[in-house]
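Participant: One letter stands for each residue in the lines below.
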Amino acid sequence: MEHTYQYSWIIPFVPLPVPMLIGVGLLLFPTATKNLRRIWAFPSIFLLSIVMIFSVDLSIQQINRSSIYQYIWSWTINNYFSFEFGHFIDPLTSIMSILITTVGILVLFYSDNYMSHDQGYLRFFAYMSFFNTSMLGLVTSSNLIQIYIFWELVGMCSYLLIGFWFTRPSAASACQKAFVTNRVGDFGLLLGILGIYWTTGSFEFRDLFEIFNNLIYNKEVHFLFVTLCAFLLFGGAVAKSAQFPLHVWLPDAMEGPTPISALIHAATMVAAGIFLVARLLPLFIAIPYIMNLISLIGIITVLLGATLALAQKDIKKGLAYSTMSQLGYMMLALGMGSYRAALFHLITHAYSKALLFLGSGSIIHSMEALVGYAPDKSQNMALMGGLRKHVPITKTAFLLGTLSLCGIPPLACFWSKDEILNDSWLYSPIFAIIASFTAGLTAFYMFRIYLLTFEGYLNVRFQNYSGKKGNSFYSISLWGKEEQKSIKKSFPLVALLKMNNNERERTSFFSKKTSRMDTHVTKKPFLTIFPFGPTKTFFYPHESDNTMLFSMLILVLFPLFVGAIGIPFNQEGNNLDILSKLLTPSINLLHPNSNHFFDWYEFLPNATFSVTITFFGIFIAAFLYKPFYSSFQNWNGLNLFTKRVNKSQRVLRDKIINLLYDWSYNRAYIDAFYALFLTQWIRGLAQLTHLFDRRVIDGITNGVGITSFFFGEGLKYVAGSRISFYLLVYLFYVLIFFFIGVTPIIIQFIRG
Amino acid sequence: MVRVYLAFTTNFFPWLTIIVVFPIATGFFIFFLPHRGNKVTRGYTIYICVLELLLTTYAFCYHFELDDPLIQLAEDYKWIDFFGFYWRLGVDGLSLGPILLTGFITTLATLAAWPVTRNSRLFYFLMLAMYSGQIGSFASRDLLLFFIMWEFELIPVYLLLSAWGGKKRLYSATKFILYTAGGSVFLLIGVLGIGLYGSNEPTLNLEILANRSYPVALEILFYIGFLIAFAVKSPIIPLHTWLPDTHGEAHYSTCMLLAGILLKMGAYGLVRINMELLPHAHSLFSPWLIIVGTMQIIYAALTSPGQRNLKKRIAYSSVSHMGFIIIGIGSITDTGLSGAILQIISHGFISAALFFLAGTSYDRIRHGYLDEMGGLAIPIPKIFTLFSILSMASLALPGMSGFVAELIVFFGIITSQKSFLIAKILIPFVMAIGMILTPIYSLSMLRQMFYGYKLFNGVNSYFFDSGPRELFVLISILLPVLGIGIYPDLVLSLSVDKVEAILSNFFIENFHE
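Protein sequences, first through last, are from chains L and V.
In terms of the working numbering, the first sequence is residues 1 to 752.
In terms of the working numbering, the second sequence is residues 1 to 513.
These are computed hints drawn from the structure, not numbers from a lab.
None of these values were measured; they are calculated from a predicted model.
It is possible that some hints are incorrect.
[To be verified] Cross-link-like lysine-lysine pairs, in silico, DSS-like; alpha carbons within 25 Å at most:
1) L:Lys34 / V:Lys382
2) V:Lys424 / L:Lys219
3) V:Lys382 / V:Lys454
[As the list claims (entries may be wrong)] Cβ-Cβ distance ranges computed for the label pairs, FRET-style:
4) V:Leu218 / L:Pro282: 54 to 60 Å
5) L:Gly684 / V:Tyr369: 48 to 54 Å
6) L:Tyr7 / V:Gln417: 41 to 47 Å
7) L:Val704 / V:Lys168: 15 to 21 Å
8) V:His35 / L:Trp73: 55 to 61 Å
9) L:Leu688 / V:Phe83: 34 to 40 Å
10) V:Gln417 / L:Pro282: 29 to 35 Å
11) V:Ile155 / L:Leu715: 24 to 30 Å
12) L:Tyr7 / V:Tyr47: 28 to 34 Å
13) L:Pro30 / V:Asn119: 35 to 41 Å
14) V:Ser476 / L:Val704: 39 to 45 Å
15) V:Tyr47 / L:Trp73: 40 to 46 Å
All residues carry an ideal CB built from backbone N, CA and C; glycine is no exception.
Use the sequences and the hints to build the structure in full.
Facilitator: Below, the structure written as structure tokens:
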């Protein structure tokens, strides 16, 4: 089927008409476009489905005979430089495009309901479709320039979507932070591309790898320079995938609507950095230092993300740090050279995390009706709890996602994470210990989120009287100081608007969303399976609408079954799993000879070990966060435990826990550090340059002007119409003209 | 009147003369139009502008061969006999783009000046006079004519600055005129020096002058003279301080002309005179130009966030982007020069649109300071959308023209054969730091203006979103920005042969050495 490949250039352009039409419509015919409203959601989902079918078809062909296709058109023709556009289809591309389209469709479907009351419904769909376009463009790019172009476009979409609710000051600063941080990465990427172009003279991946490896092999290039270039290229990936020094934007990016967090900041865009490193792995492999750096950055991010996720109050920020940590696993795998494991984890994590985010979106949606639309209330886990009874379907989906992410065996992430952990034992024991430890941490923080959200009783109802404050033991010390602050009744905006604190009225006004609600929006859900009446009592959170549940339920299937693509069935041949088939020419530094020979005897102890760690993490989480009133059976054990621990040990424990809490709450002080040094420094420098510009450079000019003015005025007084003075001036000018006349003669004299 | 003295030496239809003279000649009729508000005047002016733009486009479409690097549509009439002064016009690939840009931006600026009511007849006349002057200086093939046109369009700009605009407009207009007049002195010295050098009678024809060589010391002197004149206009640091003041005070349609076209005349002059006529000196000075350009990108991008005034912030971003043009010119490569020319065009569009947007939002909120704004996205969503898009264009988002121009300049630097290895590494590095600084100021500008929440009460509580006229202006600027960004050959193909012709001078000389 050559044709499929030939026409696959169309992949990124299929979803493009939607944002174009909506954009033009909103600018020129706003009311007419807004009246159409939901009609716009259909074409975007429909077009994306076409792309999905297309990419599934492509990857089936890739599985059958793995081959790489590339088509190129010239973009600018000049005698001295030419940029080309093309598309490049290989297993990596087909995997990524399936991932983007499947998650994309479900998220679009989901957000039809999630955003249905929002004023910016159409804007949202336009941005989303444009994001899909540019992300698909990114993965089908055939050269570095094209990658850079789509890389920036994806970043811009992320900027627009983080700042989607632009009336929130926090969203405004978050989107700027995200863009600028990503620009720091792009700075590296662009310079890396320039440097690579300079050494190899090509942008095309395959030419580039060939020339580059030849150059390295023949030692024709300066090694330091090449390392620098590779480092800069890697810098782009670090920023986009929220790796250690440039991860600060990702938790703030949670200011965007939750479907965005599911699609962009969990599944696809943040994976673009992994994609880039995977794409350029043949180049990085030639330089061992860079590979070591990649795995080092990966392991730092793994640990940092996990520790930061430990005590987040905001459910989405907790998930964001977890994303960061999981991306660190992928980066680690790439740095170790196990390409397959990294991609496997990329896929499984994307589906699991998308599910978790959609679940959290559903929770937030149900909480919003109760506590108002401010993100630090509706996303605050301290106010949740006991949602198990009220939102059972969401709870099931969320639990599945949590279990998958923790690495409980039959679910998807288990297989991929286990593979990474296995490989890390081969690579370096220290890294492996850290990675396994973090697997335990992962289980801990994921279950912490789950337990705080779904178990126990709804804390909103208890916050005013006794609540959980006097009752639960160790969760208090973790929440400790923050509890009072978060449940403060006087909310700044309320005070500002002089609203009375009546709960009901607050929910209706708070929200910039509801207050700007279109009156003639159809509020019916898209699918009507269970008739939920229009009478909504805001005493308990209610389950989300069916459209949202439907897409979540579909997405549940992926963590259940997607692990199967990487599980080898050992009956017939060596490697029967789909992923290995796709990635046959893949790179694997750690198993040079075995060719993915799958050994159950090697696999089982490792798997048992990692699952044990996971269960240990879950157990600790259950121990700490299981509220007592729902777990009387643990009462005795808890008492025994507290009895055995003596006083000093308990103080020490509290200290450690508080320390950990502070570390996590303050985001490891990295944000503060950046704010203190970089931001202040740039501001100071800007003020300094501004002053310099105004006082010195402009001052000189103005000084000259003023001096000449005074000189003229002075001259007026001096030259008080005296003949002798004019004669003097006359003589002076004659002298000047004389010199001017003489000068050419002198010049001629000099010239000989 | 003027043409009485012309003696026809060619039998072509004088397209360029008509294009140059038409706006100002018809502009005189404005004063004879009936006094009925400004409706008649502005209608007439727009009619003239559009006609002129169509005329230019027609002439270039049917009488200009793109693949010919030589001068076309040339006209050569003797004007003042004893001085050897000719009315010599011509167009080549280099001036084609700026002339079309002039027509486009001036037409839109006239449309943008719709709300001007105070003394509108003079205003529109001055716009038309500027139209003539700008096209004249881009199209002139005679050094003295170039100088005269250069000076000629200063007068309308000065009047436009001093009579319409903010409170401190007289100060800024005076500053502008003093700066540029100071620069013009050097330009005049250079023109006369080059014209009178060597032979008995003055030669001012650019084509003849391009093939002449001078002693090194003299060439350097000429070069410095021209450089100062063009550096004031471009502007190049440290001669840029007139620009923020002027742009901060001027009416926004004047700003569009200033930022869109006038600044480009400096860059155009650098290519046209410094590169073409004085190649030796240019290759000596080019490393310094690159260094100054790099410094300018960083310096202006750092100064910009310190500005409270919206228009001044955009003005500094203009200064920063002009750095790319200077680097492109200094790189002496085909790629770099193409990038510089592309940046001339692209920045013309983008900065004109940004100033227009700043002006229109100022009209609505009546605050010029960024820290007094906020929460504007709800009352004026269309302006917000377009402001966002054009700020993105200004920070070189791919798909927009600015990105292609800057990328090509980057490639120009790294493919440059002149510079050393370390310089090749360092200069793109520093330029790319500018790439980080640009979003800091432009996005924080957006954030301060539009994001957030603010209660509007009292007199300011109602705004009109942009109407069809403003939307038309913005969209007609946005379309070429997107077009060039997606298909840069649109502009690159105009100048590619000319660029090669200019640079062949340098390579021939290198070969001889």
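Participant: Tell me the numbers of any earlier hints that the structure contravenes, in ascending order.
Facilitator: Hint check: 5, 9 and 12 fail, others pass.
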